[in-house]
Amino acid sequence: MDKKGTNNELNNDVKSKGSWKYSIKGKIIRRVFCLMTYMIFVTFVGLAGFVFYEFGTEIITNKNYNFYESDRFRNRVSDEALLVAESIHDIRNNDQTSTFKIIDADKNMINTYNLRDLMSAEIYTVDSLSSIKQFLVDSTPLDGSIYDEQYGLKLIEDKGIDSYDDCYLFFTRESFKKLFIQNGVQNTNNWLSDKFSESAYFIYLEPDIMSVIREKAKYQDFNITFVDSTNDIYNMSDQKFAVYDPSQDIYYSSWDDYFISFTHYIYKLSDMFVEICNHHEANENVSNIVFPALWSENYRDIWEFVSSKYDGIDNPEYEIDLRSQSAFVYYMLLDNEDSTVYSNVGGLRDILKEDNINSYVLVREYYDGMTSKVANAYQELYGYEDIVDTLNEIGNNCVMYFGIDPSRLTAEDQSLAASYVWAYRKIGCHIWFIMIGALVSFILLIVQAVSLIKTTGRMSIEDNNIILNWFDKFHFEIWLLIYIGVIVLSLLVSHYAVTSVMHFHNVTKFGYRLSLWNFGILINGILSSVVFGFSFMELTLSLARRIKAYNIKSRLLIRELYHWLQRKSGDQRLKIYVWIYVVLEVLFVVYMYNKYQVTSPALMIFFAFMWIVALYAVGKFTADMRQLSEEIDRIREGDFDTEVKLQYSSSLFDDLAIGINHVGDGLKDAVEKSLKDERVKTELITNVSHDLKTPLTSIINYINLLKTEKMPTPEAEHYIEVLESKAHRLSHLTEDLVDAAKVTSGNVELNMMPLSFDELVKQALGEFEEKYEEKNLEAVITYPDRNESETYKVMADGRRLYRILENVLQNAYKYSLENTRIYIEMKNVGDHVKFVTKNVSKAPLNISAEELMLRFTRGDSSRATEGSGLGLSISKDLTKLMGGSFSIELDGDLFKVIIIFPRIA
Amino acid sequence: MNILVCDDDKEIVEAITIYLKQEGYTIIPAYNGRQALDILEKTEIHLIILDIMMPEMDGMHALYELRETSSIPVILLSAKSEDMDKILGLNVGADDYVTKPFNPLELVARVKSQLRRYTSLGGIDKENDNILVNGALEMDREKKLFKVDGEPIKLTPTEYNILELLMENPGKVFSSAEIYEKIWGEDAYATDNIVSVHIRRIREKIEINPKNPDYLKVMWGVGYHLEKK
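Quick mapping for you: the protein sequence lines, in order, are chains A and B. Position 438 of the first sequence, counting from 1, maps to 438 under my numbering, and the rest follow consecutively. Position 228 of the second sequence, counting from 1, maps to 1228 under my numbering, and the rest follow consecutively.
Each statement offered as a hint is correct.
Below, in silico cross-link-like pairs of lysine-lysine (DSSO-like), each with a Cα-Cα straight-line distance of 27 Å or less: (1) B:K1217 to B:K1229; (2) A:K454 to A:K548; (3) B:K1147 to B:K1112; (4) A:K793 to B:K1182; (5) B:K1112 to A:K707; (6) B:K1217 to B:K1112; (7) B:K1154 to B:K1172; (8) A:K793 to B:K1217; (9) B:K1021 to A:K710; (10) A:K726 to B:K1211; (11) B:K1211 to A:K838; (12) B:K1205 to B:K1144; (13) B:K1086 to A:K742; (14) B:K1021 to A:K707; (15) A:K707 to B:K1205; (16) B:K1172 to A:K793; (17) B:K1182 to B:K1229; (18) B:K1010 to A:K726.
Don't read these hints as lab results, they were simulated from the structure.
Given the sequences, and given the hints that come with them, work out the whole structure.
So this is what it looks like as structure tokens:
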């Protein structure tokens, strides 16, 4: 009792552990986890695929893979640009050395700050000079005038007297904002602005970018052209380049793109410049205008601002031909008189916020420079004659700073390189992680899948009864189709989702395209993979269940179709014809498609319909034919009661069917009649024979009794002898009669078996030994041409064959001349056994062989002796019945009997 | 010994009665199956000769009924001479089957044989390997004696050997060649009918009707065998 209990407990434990797996809840939870693993796996695979597609397998095969040196990257950007970009990249990452001086005249201090510290921002330089720049705002420098009349700007080292007259500067917008003025209002938020007066100016000490780049170029055999003169700009206009925006890792691909806006910018700026200058001329205070170079998308803002500062400026209608999607120009007005800076940076804050203006190309050009250099260049390039005139009018009082947000410039021309780099940085360089992730999730997926497959369809671990759901019962082909469809669709959708992510990145950077659409695609992709994962899983599990339940073969549509066709089509040959027809039709359709592009569904449907109709018609036809032929066979075999009812009753065959049925009837009657006759005959004979036998018995008995009595006279004794012999003859006759009747009517049941003819002959001869001795006849058996192992095996009824031989030997005994030999020959001839007896007839044979063979015929003289005359006839019939042949030949006094039987092995 | 002879043909009954009386048996006649059964109840009978085709109750039915209570020897007598009839008769319980018309002497011989067998109480040691018994045939190998129904039969050595071979293997068919090789020890190539002659002679000695042997039977075309009884 105890033992049983503990066992049960154990079982329960084991069961409960295992049974959760099999429980509905367990299965659902496991499925959910499996699906999640699948999605993770798919994501990893997708990413890995993307990486390999974009960057090639060398990303993992090459240990020293450097993205920037990789072929694929290099193919997308020019070499020079690459170099520049790299250098900048390096510098950017390594630059700790740029310093920044703030010179505050009012506060009487000069402080040096590390650029990064100071600005909390990054400085970007491109094509810049490595020189110390000093930015002179007014003519009250600490150490003398630094305003160069010719150039408008001079930089003087605070300690030295070197001057540098061209420089490039980059500031982040943030830093600009922070450092300077917002909305024309001093920025009080920047700690710097607290410390410094408004008249403070700063000097930015740049690292020697140029020399770095040159240095690098030396080793790379590149021809770097540094744009520090307008001529160079002009020369470079048809060159490819990459403007590198480190903040975004973006490259811009051509000077043309770069400067197209530039020209526009210049052109428009000049208009405004004119106005402002005019205005400022009116205001004597604004005698020196530093006209920085930012332009706004919304010109009105600028104008509003300006006009708010400078009363009296009208609101002109300026057409600003800006690229519609970009606001990349920002300006800054420096009022020399009151050292106020006016810019649109703050005023367009809202708009600017969305823009990623964190880098600028500041090209400082004097208007002279413009007239002499830039203007000429652009004039030649772009035909802006007006610029020249305008600027000529303006005079030397302005310093122009152009600030262009490179990212906005070529937003539309952004090369694939930029996104390419982005893709690399964000996804590509993590490839190993992705691959490992894929592998791990794959293993997890497999483990879960195996577990699910094992338990699917069962309710417990011992349960061998597989439960199939409604879907499992569909035909296997349907399952296959759905499976393939799911795979294909999921591949398509996942591919689409991945590529859309790419675009997603590119577009939303600039915010001018609706990100929602792409986001929508991503969501769609996620949902789809859920759907596909689920379908995938269920389909696979369905397959597992089908296999477990051995359901696949039995649910093959093709198989069912085949069987249906078999049933309908029937006759083999016709089936072949039908299939040939089908094949021809298919070929025809294919041909039509290839040659004429005819693929209308209607046509296909039409063909399919025709095919089905043909098949059906043929099937019906052959089914009927088959029924009829089966019917005829049955009648032939003797089943006359059979009647055929055509399954499809096509009138074509109705009459035929009726006729055949009637034939059956007629035959039936005939056969019945014949049988009846036979039966009657046999019965009659048997009855007669029986009736004969009874009195015959008495006759024989009493004759015998008589023989025991003493007879009065010898004659009486002789009479009794006669009676006895005749009674016996009568007895034999009745026996023979019955046999003859049976044999001739074929009503004899033969017991066929293999036997040795040879043996039989010997046995038979044994019976006649004594008899032959009476007449001194010698039976001689010979085996001409006999081999060692020769046998004389035939198929016959032993007893009956003996009777035949008995008859033959008896005749030989009866009719042979005394003291002669009876020759018996056994020979194999071909595939027959030939048995021949030869004996010399006592009485002359004056009758033909044929006549002898007739029933009841005997040689005339033999009528006096015993013998019923039925013997030869019966023998012949019996032999024939057994498949042999019996014949006699008469040659003078020689009497020959020939019996031939087919030999068996 | 009382013998019941039953046949619807009076003359046949009469004839049989005459023959058997000569042998010293007492004959009680009957003319149909019912009568035969009635007599059986009242009188002690040692053997029945029974015709098949009779009115009121035919031989088969009578035989079937009497076999329920009695095991006395029954010889069927009938004009039906088919094998099937014989087999049927023997299966129902007859000990012998004689067809009409018959040789009265043969009938007598069979009666005697059946009675001898029925009355002999024993003396046959069936456990002894050296004594072979098959129906009425008895062969003592030690003493080289052969008896049929207890009556010793004189056989030539060859005949004895052949018979011994057949009695050792009752039911098994031996071809003439096989018998020759076993008995004469030589190859049976191109022998003539010496074996069948011997068989015939043996039959004449041991069979009631040598033409229609009960024991030493022939399978035509195959050989000879001793029928197992």
